[in-house]
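Asker: These protein sequences, in sequence, are chains A and B. In the working numbering, each residue carries its 1-based index in the first sequence increased by 1. In the working numbering, each residue carries its 1-based index in the second sequence increased by 39.
Please note: incorrect hints may appear among the correct ones.
Derived coverage of chain A by chain B (criterion: at least 3 residues anywhere in the stretch with Cβ under 8 angstroms from a Cβ of chain B; other residues may be distant) [as the list claims (entries may be wrong)]:
1. 12-26
2. 78-85
Okay, derived cross-link-like pairs now, EDC-like style, lysine to aspartate or glutamate, Cα gap no bigger than 20 angstroms in a straight line [unchecked claim]:
3. A:Lys4 x B:Asp112
4. B:Lys83 x A:Glu105
5. B:Lys83 x B:Asp65
6. B:Lys48 x A:Asp39
7. B:Lys83 x A:Glu45
8. B:Lys83 x B:Glu118
9. A:Lys4 x B:Glu118
10. A:Lys57 x B:Glu138
11. B:Lys83 x A:Glu94
12. A:Lys69 x A:Glu94
13. B:Lys96 x B:Asp77
14. A:Lys42 x B:Asp95
15. B:Lys96 x A:Glu94
If you're looking for bench data, these hints aren't it; they were derived computationally from the structure. All of these numbers come straight from a predicted model, not from anything done at the bench. Positions of the beta carbon are idealized from the N, C-alpha and C atoms, including for glycine.
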Amino acid sequence: ELKVEQNPLFLSMQEGKNYTIYCNYSTTSDRLYWYRQDPGKSLESLFVLLSNGAVKQEGRLMASLDTKARLSTLHITAAVHDLSATYFCAVDEETSGSRLTFGEGTQLTVNP
Amino acid sequence: NAGVTQTPKFRILKIGQSMTLQCTQDMNHNYMYWYRQDPGMGLKLIYYSVGAGITDKGEVPNGYNVSRSTTEDFPLRLELAAPSQTSVYFCASSYFVYEQYFGPGTRLTVT
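Required output: the full structure, derived from the provided sequences and hints.
Answerer: Put into structure tokens, the structure is as follows:
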């Protein structure tokens, strides 16, 4: 059974600081996704990482994938309040077409 | 494009009742999915479909049924609702293994 673990689960940080969210998974896969969810809302796709070494950046967020270590990171640079949300990573079980297993999510709060 | 639409947005069911959650996408995506999200948790896959006429179970299929007669629609049927099915239900679609696009969700309470 595929397990996806995120840490930390809760993150409170000050505006202007940098931090990294980690996503570890338990099986071989080279398809990993990051999503953002605001309270009471649906999920918004942030990044799609489809190969080892993939790196994607959008604004203050950068995601990377190391399939050998079974690890993805979501790095936040110079955080701003608007980034406050819950961030999920999800890993695709390659054997089943497209079948995502989600981590528990990291609830990020950026304080002024 | 409307993207992925779901109805209803909210529903309260009594134990033992049945209902169908509707999901429609207008992006011509071949893959569609149903997830549930319990409070403070990640999403769990209930059922998915890789094309019309093809469905398969996800991680938590018990108590649910699906059908996919068209590319656009992927309804989720709850039979004999139980309090454990209180959750937020999200439908999603994708073009093969690329990013999944999520609907706005249906908040279901079973009492």
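Asker: Against the structure shown, which of the earlier numbered hints fail to hold, in ascending order?
Answerer: 1, 2, 3, 5, 9 and 14
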